[in-house]
Amino acid sequence: MNRRDLLKMVAAATGGVVIGGEFFLAGCTNPEAKIGIGVDFTESDIAFLDEVAETIFPKTATPGAKDAKVGQFMTVMVKDCYDEKDQKAFRAGMTSLDEACKAKHGHSFMKASPEHRKELLVALDKERGEYQKTKKSEDPNHYFQYFKQLTIMGFFTSKEGREGATNYKPVPGKYDGDVDYKKGDKVLTGLN
Amino acid sequence: MADNNTFDAIVVGSGISGGWAAKELTERGLKVIMLERGHNIEHGKGYEQSNKPVWEYPHRGGRTQEMIADYPFLKRDYPLNERNLHYWASDKDNPYTETKRFDWFRGYHVGGRSLMWGRQSYRWSEIDFKANEKEGIAIPWPIGYKDLEDWYTHVEKFAGIQGSYENLPQLPDSHFLPAMELNVVEKDVAARIKKHYNNKRTLIIGRTAHITGPLGHSPQRTNCQYRDMCWNGCEFGAYFSTQSSTLPAAMATGKLTLRPFSIVTEIIYDKDTKTAKGVRVIDAETKQTYEYFSKIVFLCASALNSAWVLMNSATDIWPDGLGSSSGELGHNVIDHHFRVGASGEVEGYDNKYYFGHRPTGFYIPRFRNLDGEKRDYLRGFGYQGGASRNGWGREVAELSIGADLKDALSEPGGWRIGSTAFGETLPYHDNKITLDKNVKDKWGLPVLNFDVEFKENEKKMRVDMKADMKEMLEIAGVKNVREYDADNAPGMGIHEMGVARMGRDPKSSVLNGNNQVWDCKNVFVTDGACMTSASCVNPSLTYMALTARAAAFAVNELKKLNV
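Protein sequence lines correspond, in order, to chains S and G.
Just so you know, my numbering puts the end of the first sequence at 192, numbered straight through with nothing missing.
Just so you know, my numbering puts the end of the second sequence at 1563, numbered straight through with nothing missing.
If you're looking for bench data, these hints aren't it; they were derived computationally from the structure.
Computed from a prediction, not measured in an experiment: that's the story for all the values here.
Be aware that one or more of the hints could be misleading.
[Claimed, not checked] Result set (DSSO-like, lysine-lysine): computed pairs, CA atoms no more than 27 Å apart in a straight line:
no., chain 1, residue 1, chain 2, residue 2
1, G, K1075, G, K1432
2, G, K1352, S, K174
3, S, K159, G, K1045
4, G, K1092, S, K169
5, S, K182, G, K1187
6, G, K1092, G, K1432
7, G, K1146, G, K1466
8, G, K1100, G, K1075
9, G, K1052, S, K186
Go ahead and model the full structure; you've got the sequences and the hints to work with.
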């Protein structure tokens, strides 16, 4: 048996902290769930998701979410991997996020300044954190959970994210179990 | 009969056991055909995904709703994934039925599960071989450690096993290549455990079939490159598989014919000579039927499928199939039980990291029910686990969104350590597989029905499996230790064993001490089906040793005209 997932399994069973840093995923977790009904995304949806993702992971000295085409990635994952409940929650979340922006700043998310976008998403993330702590396991996630998780996963599993923001070593050629680490050194990643 | 359908030996299956049978039989001079039910995968060339980075997968290696719908069995655990899905058998083409839940994860292609196996490789000890007899459980093994010791060495020298010499009676050392390294945290935990338990418990590197030094006989293989991409197939040939190791050796003799797409449906039994004449095959692509003839047959189709072939053979003599006269064929299904243990956080190593993606973890050999200890269950368990720093997938509760979060996740998080126990499961007669003739596979063949469950001994053992890990981690200074006992069904261990067990008496076993079917001496079964008990260690190395031993015996008997 392949025990590649051993630590992930241990982590999942002990409360969802992922050891070794692979991905976590809001959908795709319940094998008995209803198959998704099919959702479609337009180019403007992707542009919207790109801006949400870029606000979560902006370009700095390292690439941002738009460089990693996270908007497009989100739509693929939601269409192909999410079950119906998660698809609906994600779709509705796009509208809710835009409405929250209008209520807070008086205009749509796409028209908001980077500062206003960030202010909004910081508030939504706080709301998400509180909601996720108290929700029942059968309840859908707070919609911002999907956006945040897919951004993190999409970015760190992209070529741009791996090569630009991590210590990407596809063929290390050796193993050293005791190397010095100083704050600021990047996380080690590979092909997986 | 046509000449090109006749061989000295037929090997059914091309996984770990089949590959070894082909190698040993051809090297001892026999002309052999190896029949594999699935397609061919060529070493290197067939590993399209060996170098494929995660971003080239549309779902980054995960599973889609379509995959979940197509694989009702495989979806139950990690094998359903986007990376090596083509290495796992189709659940739709190959259905089975469940009186009780059984997770059967199969690899139907040349190499079988030797391409996707976990590569953990441990010798059994005399304690394992003697346990049934000592405790009056099931039946005694017909062989002991001494019978297998030289054969372990033989296969280890060829396959290449890395590990550390520990001199433990319950876990004999192999012939090792240089050991992979425990990391700095694992070494610290190992030292603390060793000290606290006064050397009675040890944490060592997980012994695996990876090469870490040159193997003179296999120049085509290269040392492990620490990519942790094993389960995609390794173009370096760094881990043992049929393709990387035994198949090239067998092919080099010029005596091996490999025929993929060959589903062996039955062994052709001759009642006058009381021997097998050969096998009947359905071509998986054309559905045409063929026959192949030989002096001996090695059945290495994977444990449950080897039993299936026997159940379908010679039914005019024995209604329940060839080898069923004892009433044990298909019974005593064993798998290891696991997915129980503990994990926690390690402080004080923020200035330490590691380099490379090590394809093994640590191993804690069995320590229960040894040296006269008597728990409220029989046998024992070992642990497999690892310590590592959290990666980008961790929660960073103190950060919201933005550049700070991106930067934080671009650095490693704190250290964690965790593990799962692997426990021995007892052989129970009523844990069984039978033919279900009401359901047919893609080729119109009857399927297996499963009636297998873990019982009281396993349940009691799990209490210790969980608590002992928690205790050891806490003693080692690990913080916030949490226990778990996850969903665990028979089959998930992918260590199916026992359905054609070896024994000393034809009345209570299917095979004798040389893996010969009691009722048909020129048929040998050397995969997991032959196992009389389970031990708690991973079984594949023992299949290799048993297969090599049986092959040598078979060739000697052929020379003496005894089979």
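Here is how each hint holds up against the structure:
no., hint, verdict
1, G:K1075 to G:K1432, "23 Å, holds"
2, G:K1352 to S:K174, "17 Å, holds"
3, S:K159 to G:K1045, "24 Å, holds"
4, G:K1092 to S:K169, "38 Å, violated"
5, S:K182 to G:K1187, "21 Å, holds"
6, G:K1092 to G:K1432, "23 Å, holds"
7, G:K1146 to G:K1466, "33 Å, violated"
8, G:K1100 to G:K1075, "17 Å, holds"
9, G:K1052 to S:K186, "22 Å, holds"
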